[in-house]
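Participant: What follows is each chain in one-letter form.
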Amino acid sequence: MKMKLAALLMGVAVLASPATADKNDDTLRIAMAFDLENLDAYQNTARVGIILARHVWDGLIYRNPTTNEYEGNLATEWHWVDDTTLEFSLREGVKFHNGEEFNANDVVYTINFVADPENGVRPARNVQWLAGAEKIDDYKVRVNLKYAFPAAFEFLAGSLPMYPDEYHSSVGPEGMAANPVGTGPYKVSGHVQGELISLERNDAYHPASPKGAPSIKFIDWRTMPEMNTQYAELLSGGLDWTWQIPPDQAENFAAMGKLNVTNEMTMRIGYIGMDASPRHGDTPLDDVRVRRAIAHAIDRQGIVDSLMKGASVVVHSACFPSQFGCEQDVAKYEYSPEKAKALLAEAGYPDGFDLTMSTFYQDSPPEAIQQSLANVGINIALDRTKYAALRERVHNAEVPFLYMSWGSYSINDVSAITSKFFRGGKDDYAQDSEVMNWLEIADTTTDPAVRKENYSKALKKIASEVYWLPTWTFNSNYVFSKELNFVPTSDEIPRFFTATWN
Amino acid sequence: MLRFIIKRLFLAVAVAFTVSMISFSLLFMAGDPAIALAGESATEADIEAYRVQYGFDRPIFEQYVSWLGNFLTGDFGKSYYFGTPVFDLVMSKLPVTMTLGFCAITFAILISIPMGAIAATRPNSLIDRVALFIAVVGQAMPSFWFALLMIVAFAVKLGWLPVSGSSSWYHFIMPTIALGYYATPAIMRLTRAGMMEVLGTDYIRTARAKGMSPTKILFKHALRNAVIPVVGLAAVQLGFMLSGSVIIESIFALNGAGFLAFESISRNDFPVVQALIMIFSLIYVLLTLLSDVLNAWLDPRIRTA
Amino acid sequence: MLKPVVNLAEADATPSPAAQMRRRAMRNMSLLFGGGVVLIVALCAIFAGFLAPQDPYQQDLTARLISPIWMDGGSWDHILGTDQLGRDYLSRLLFGARISLFIGVVTALISGIIGTTLGVTAGYFGGRVDAVVMFLITVRLSMPVILVALAAVALFGGSLQVVVLVLGFLLWDRFAVVIRASTKQIRSQDYIISAQALGCSQTRIIMTEIMPNLLNNLIVVLTLEMAAAIIIEAGLSFLGLGVQPPLPSWGLMIAEGKDMMLFLPWIITIPGVALFVLVFSINLVGDGVRDVTAPENRN
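Residue numbers (numbering that gives the first Met the number 0), protein chains in the order written: chain A, 0 to 501; chain B, 0 to 304; chain C, 0 to 298.
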């Protein structure tokens, strides 16, 4: 009787133990904290969608993450015909996952489809600069821009996957979302919304691709919203890879020594937005001395050292340092509570004032900022809301002071961040026509010198007026199994097609 | 009996309508659906276009009526976030939540009724006190704490159970316990009180005097009568569990309707939230209706009340 | 010989019901133990300013996540360690008692007033009024509390006041049900009927005859709802919808520490145990009151 019971229990234990056969059945199990609302690359806006798109589809060109050079992917050669026309020579012998041949028809179809605002591509800024495309011959196309758009290559490399024209025209976006088809190193073999995306290696992936040949056969992409669950799965062997682990936990994992822990930069920067415009009525923030006081009051380096850690650094300009046009020679505000208090007194607030800071971040840095400001007399009430609600309130001009971040969709160009937030519109807290002017010039000319000059002017003014207080760069901690060879890149887009088993 | 059922049915439907009306208004105040629908880079003109296209500029009551009309014909609208029909979305997530709720209430009943019955037969004894203690302990622990503790103990340290997911019945063990234990105190107490009341009646004393075995008395007579109010309570608890499963579903990555509701509220995805609230309240209302009918059938005195 | 007169003093030696109740209260373990703990927590809350070694809001980024005294690396500077922003945990715990008690008491009061009013009205007047109240109760019970709380917070933002108001306006159902049942029962008593026959006004009857007799059940439900409110707030904080930082609500302390749970379990165990002890004790008080005021229910 006892033996039977023991055997039963053991049997239960064996059956119940999670599959540790990860490397053994060539399956990489990864976890993401957020799910994807739609698998169609043109119908989602979250980072998870960007990552999936890199794996399932290819663009005409590809930016090498280490050299930052543009290499041909589905295109072999390209040149500007004039300021608003690009000509591409396409690669031959490439097939989509469903067997369809890749040729000029696909490029023309895709570009014309996304350029049409009726088709509601999200986010619109990825495609609104495109006018259309025309076929020259089976492997040559011309892409027409609405205006001179210097960041064209960035978007062509990152945000414009090529769709199969026959397939897409027959099944439409719904069909593409249900059964994605691309030319990429992996194909989607299964999908349970909110739970699991199953990827399978594309053994017919075109060998000349700059992405290289994919090695791992299966990728199980699980959605796990609760971080503790991810940690528990990592520790019990049910998960091989995850990322965006907070620094404390990353240190703990590293100390345990059972898993690989790597830290890498991302293109995301944090910022404190302050309303200097009349949009929110009269607030103390209208006075530039108050804004400068706030800049001096926050111990950014201290927060980076103790809370952000890893590869994070303090930034002073409203852009990510590697982005084209990111002027670094701008006003820098050192940490000095005394200076802050002096400025506040000068502006007429010797005893400080009350202010609400909105953010969607649930972790510690907002509280540290709150404390920093409290130390100089500015009493912050913390208002934490969800991202969607916060964005709506920002657009409704209900949030004069906020702590947010922006990842620029990993586009390595100032137009992806500074221009988004300072060229007028509902995200622009400054509404400064000088800045708007400079940015417009810089955004619409292809002359790099002119661009640099105008971005520089804009960024210098933004810093001296403290429309934004850029805080720090974000880093990401990657924790993964020791059986996995994985190298993170600084654009916050993990590439599993270059990962291999040990 | 039929009149009773019909009366209760009317009441049930009226309740469901009222709940949906309240939640509709609440959601409307909570965020602008046109903005949620139009998306991130939309201009003021875009948003206005959506407003007109979807009829958000009509008075709230008119919108409610039109939504209700669609709902009753099975058209739950399209999710703002996913763009897919809400009906499909909800139907794909509901089974997990229902399974979880059902298992949880079964677990609660299997634990509480025996405990309550035994405690009733030996009032003020050690067993009684221990049972009451266990009951109160269950209510004093936050469910997420309990759930996380179980994960650490059984999944990480001992490796007996999987941490998360819903692919096998093992995956439901910890979520069931985490969700179900909260209902055990109430059910246990009620069973105990009901049993004690029944055990003190003349009917039972007569049976004892006649020499019927104590076990038979316990199960055949006392329990049957004591269970009546418990049925009602269990239905209520099940209703709570279905809508209160958000935390458990989130921790165990169960991808159910509770989690969907939570996420949808965060994203201002109104059609989904509206449909889910309606469904949850309908389920609850039907459950109480069922328990009322069951009670009436078990105890005819209730029908005329 | 004359027969002894009945000794009036002895005849009055049987204690009054109130005195009997007091005596039972003195001997009831639940009441003593639970009440004692709640009293201690209340005292901690009131005197937190004196008892706390440090300012619960003072951050020290160089002294983060120091272990409590009984673990390696602990020190007497921070008996219960520090949290992820370097704030002294013991101080936060003490001040957190204020918030938990505040939430429990105020929520219970609000929901108590609403629920009792509805319950008494329904139980006393019966008929259509009763039907309406029953309908309201059913509507309230069919609404998923968490979802409504979420929507409310989306509307008004998360804060202590919002949480208390939302919970206060949602948790009145048990009051209504219990008070209604009790009122019905009391109403059918002879002395009520006589009072009505004597022509006393409804209000007078309700206030002087019915309410005092409800007190026992009311107190029991009050304790249950207090406990429930505290637990629900912890859950809301876990979802990010409860009180906002830097308030040291115990639920928020658990929520903020949960990411570290696997590696530093003490971070959520300490506030978790505090919550548990408080809620458990409140429940004990409720049980005790029930035992003492209606001993016949036990046997």
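No wet-lab data here; the hints were simulated from the structure. Predicted model, so just to flag it, every value in this text is computed and none were measured. Even for Gly, the Cβ is constructed at its ideal location relative to N, Cα and C. Just so you know, not all the hints are guaranteed correct.
[Said to hold, decoys possible] Part of the chain A face toward chain C, derived, beta carbon under 8 Å:
hint	residue
1	M226
2	N251
3	G301
4	Q361
5	R383
Participant: If you check each hint against the structure, which ones fail?
Facilitator: No numbers; nothing is violated.
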